[in-house]
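Participant: Sequence:
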Amino acid sequence: MNQNHLTTLLAVLDEGSFEGAADALRITPSAVSQRIKALESDMGRVLIRRTSPVAATDAGEILAQAARRMALLQAETDVALERSISRVPLSVAINADSLATWFQSVFSDVAKWKHATLQLRIEDEAHSLTLLRRGDCLGAVTTEATPVSGCDVRELGTMRYRPVATPALKDAFTSDEGIDWADMPVLRYGPNDAIQESDWRGRLPERPRERRVSQIPSSEAFLEAVRCGLGWAYVADLQSDPLLETGELVLLDSTHVDVPLYWQHWRLQSAMLQDLTQSVVDAAKQHLS
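Take the sequence shown: its position 23, counting from 1, is numbered 23 in my numbering, and each next residue is one higher.
It should be emphasised that the hints constitute simulated quantities derived from the structure, not laboratory data.
Wrong hints could be hidden among the right ones.
[Unchecked claim] Simulated DEER-style distance windows between Cβ atoms: (1) Asp180 / Ser52: 50 to 56 Å; (2) Leu204 / Asp176: 36 to 42 Å; (3) Thr51 / Ala31: 20 to 26 Å; (4) Arg26 / Pro53: 18 to 24 Å; (5) Ser198 / Gly44: 44 to 50 Å; (6) Glu197 / Leu73: 37 to 43 Å; (7) Lys285 / Gly44: 46 to 52 Å.
Cβ atoms here follow ideal geometry from the backbone N, Cα and C, with glycine treated the same way.
Whole structure, please, built from the sequences with the hints as guidance.
Facilitator: Structural data, given as structure tokens:
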């Protein structure tokens with residue numbers, strides 16, 4: 001396989017278009033198209049779906065994952081040979097709550113590695129394996145203990161979530177009969193927020209037609225929205241504990257949700273990947289139960 005063709009394939013997938021890949025590679029869109037056609041001819045199958053944005057076919061995903069593995073090894077080789085322009089791309093899929101809390105300990109480690117660059121993709125922990133299977137990242141924080149083909153898995157620990165709200169919000173929707181879960185405004189992170197969604201189904205037999213639901217797709221902003229009284233929500237203990245101690249937030253009941261986390265990464269003989277794995281595991285041991 002031609003290395004330039006593989007590099008072009010990754011650029012097209014990363015940029016989402018042939019034109020974007022041309023800009024990134026500093027070549028013409030025509031040259032990008034010719035390289036992709038040549039690669040598809042060599043493979044004997046279509047690798048790119050010409051949609052907007054473009055997408056990899058099943059064969060394209062397999063080839064892209066192999067290309068990213070080769071790119072990581074090439075980057076490490078360049079570093080070993082002291083080619084100063086080389087950078088080792090460490091691409092990781094991670095959920096927003098982990099990124100906002102325990103994973104930040106990894107930053108100080110990577111900062112000490114002279115040639116490493118960290119590229120994070122925020123994705124719900126239940127969906128991050130999709131990026132790993134496609135080869136879009138070399139490691140992922142996930143809730144899945146069964147390793148993806150070609151990957152190893154390490155147990156990290158558990159994040160506990162509990163229902164919290166401001167004291168004023170709780171009082172406003174509490175009567176002698178208890179909390180009015182149907183009318184009290186609620187928050188959710190996004191459409192894939194499994195914790196909030198499953199809790200609704202457990203508390204309410206039918207979803208109210210006009211329930212006040214605010215969607216806040218940022219972990220830090222989500223916590224701030226809870227603190228301001230925009231709604232109640234399940235929040236990770238790592239984020240809510242300080243506010244519970246000050247009384248800015250209160251627990252709504254004794255329920256909790258424990259989310260087990262795992263680190264899945266490519267099975268690859270890479271010193272940098274081994275260092276990253278150790279850093280992630282150490283950070284999780286320090287902060288997770």
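Participant: Is the distance from the Cβ of Leu204 to the Cβ of Asp176 consistent with 36 to 42 Å?
Facilitator: At roughly 20 Å between Cβ atoms, Asp176 and Leu204 fall outside 36 to 42 Å, so the hint is violated.
Participant: Between Arg26 and Pro53, does the beta-carbon spacing fit 18 to 24 Å?
Facilitator: holds, 20 Å
Participant: Starting from the range 20 to 26 Å, see whether the pair Thr51 and Ala31 falls in it by beta-carbon distance.
Facilitator: Holds, since Thr51 and Ala31 (Cβ atoms, about 21 Å apart) stay within the stated range.
Participant: Given the hint of 50 to 56 Å, is the C-beta distance from Asp180 to Ser52 inside that range or not?
Facilitator: violated, 46 Å
Participant: Per the hint of 44 to 50 Å, is the separation of the Cβ atoms of Ser198 and Gly44 within bounds?
Facilitator: holds, 45 Å
Participant: May I ask you to test the hint 46 to 52 Å on the CB atoms belonging to Lys285 and Gly44?
Facilitator: holds, 47 Å
Participant: Go ahead and decide if the range 37 to 43 Å is satisfied by the Cβ distance of Glu197 to Leu73.
Facilitator: holds, 41 Å
The structure does not agree with the numbered hints 1 and 2 stated previously, though it agrees with the rest.
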